[in-house]
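**Student:** Please model the complete structure; the sequences and the hints are all you need to start from.
Protein chains: 2
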Amino acid sequence: MTLHPIGVIRTPFHEQKGTPIQAALASGAEGTVEVDPAYEPGLADLDGFSHITLVYFFHLCDGFDLHVTPYLDQAQRGLFATRAPRRPNPIGISTVRLLAVQANILRVADVDMLDGTPLLDIKPFVPDFDHRTDVRTGWYGTLARTPDVRADARFEGRRR
Amino acid sequence: MTLHPIGVIRTPFHEQKGTPIQAALASGAEGTVEVDPAYEPGLADLDGFSHITLVYFFHLCDGFDLHVTPYLDQAQRGLFATRAPRRPNPIGISTVRLLAVQANILRVADVDMLDGTPLLDIKPFVPDFDHRTDVRTGWYGTLARTPDVRADARFEGRRR
Chain A
-3 MTLHPIGVIR
7 TPFHEQKGTP
17 IQAALASGAE
27 GTVEVDPAYE
37 PGLADLDGFS
47 HITLVYFFHL
57 CDGFDLHVTP
67 YLDQAQRGLF
77 ATRAPRRPNP
87 IGISTVRLLA
97 VQANILRVAD
107 VDMLDGTPLL
117 DIKPFVPDFD
127 HRTDVRTGWY
137 GTLARTPDVR
147 ADARFEGRRR
Chain B
-3 MTLHPIGVIR
7 TPFHEQKGTP
17 IQAALASGAE
27 GTVEVDPAYE
37 PGLADLDGFS
47 HITLVYFFHL
57 CDGFDLHVTP
67 YLDQAQRGLF
77 ATRAPRRPNP
87 IGISTVRLLA
97 VQANILRVAD
107 VDMLDGTPLL
117 DIKPFVPDFD
127 HRTDVRTGWY
137 GTLARTPDVR
147 ADARFEGRRR
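Line order of the protein sequences matches chains A and B.
Numbering of the first sequence is given in my numbering, commencing with residue -3 and proceeding in unit increments.
Numbering of the second sequence is given in my numbering, commencing with residue -3 and proceeding in unit increments.
Hints are computed from structural coordinates only; laboratory data are not their basis.
In this text, a Cβ means the ideal position worked out from N, Cα and C, and glycines have one as well.
Among the hints, erroneous ones may be present.
[Unchecked claim] With beta-carbon atoms standing in for the labels, derived distance ranges:
1) B:E26 <-> A:G137: 21 to 27 Å
2) B:A71 <-> A:P123: 17 to 23 Å
3) A:R146 <-> B:T129: 39 to 45 Å
**Tutor:** The following block contains the structure:
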């Protein structure tokens, strides 16, 4: 199956090292989503939503390992029990704050992706759909909270 | 960019009509995720998580419209302000309950995808990353709650 970018995400982050590891931990970092003008009519009604989920391609990641040491842990974990970017299908998902819609440009905050990231989809964030209660979070749940962690270079693109 | 399924999702739903429109509204419907055995090592540590987010391909959708009438509304809305499955990149995201991990097979509940859906990725659900507060939800927020809505055939695959 073949996907085609529908736009590009502009952020202040130009290398993996120092980039927020999650949108929820991005401390308000601002960016813009430049949607291909052909898709602009599909952005109607989006401005009523305070948060949107961006689906994008980890375009600098190449290959993957099935065991990884996540940023927040010291132990190796199964890849699918982590959010590490090097994945068999390198698709990223980030929920960001939508600050403004100006024609085909979205101003957003809490970005955690690299500048130039290819955009695949935009979905409205709806807590009725997206929140869950009574959640257990495995290895993550055993950690002391470390909200200031930023990425290092461990997942930079490289052949498998 | 080319993606390759890493498995297949089995559910009780064989046509769009009658399928839950969101995992959060799926009333516990159970299914299985059959991960390609080659990826089984990547499932380590997943069993500690009560919820996982499945990323998948809306394989029966073909083409898209930039304005759609969502299941929950009577008005036309911009496509990207809805979760409609016919999208430029037909990628679906559903957070389901993880009931058990048995080798390369995941037993899950609250499935809202069609039987045979190609799996692209599995991510652990972590409220610290995935929940948001102070959320506005645009047209959705103006609706009376309608938790029993099921899909009809309006988004069945068809050429644009």
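**Student:** So, for every hint listed, does it hold in this structure?
**Tutor:** Hint by hint, here is what the structure shows:
1. B:E26 <-> A:G137: 21 to 27 Å: holds (24 Å)
2. B:A71 <-> A:P123: 17 to 23 Å: holds (21 Å)
3. A:R146 <-> B:T129: 39 to 45 Å: Violated: the Cβ-Cβ distance is about 23 Å, outside 39 to 45 Å.
Checked against the numbered hints above, the structure breaks only hint 3 and satisfies the rest.
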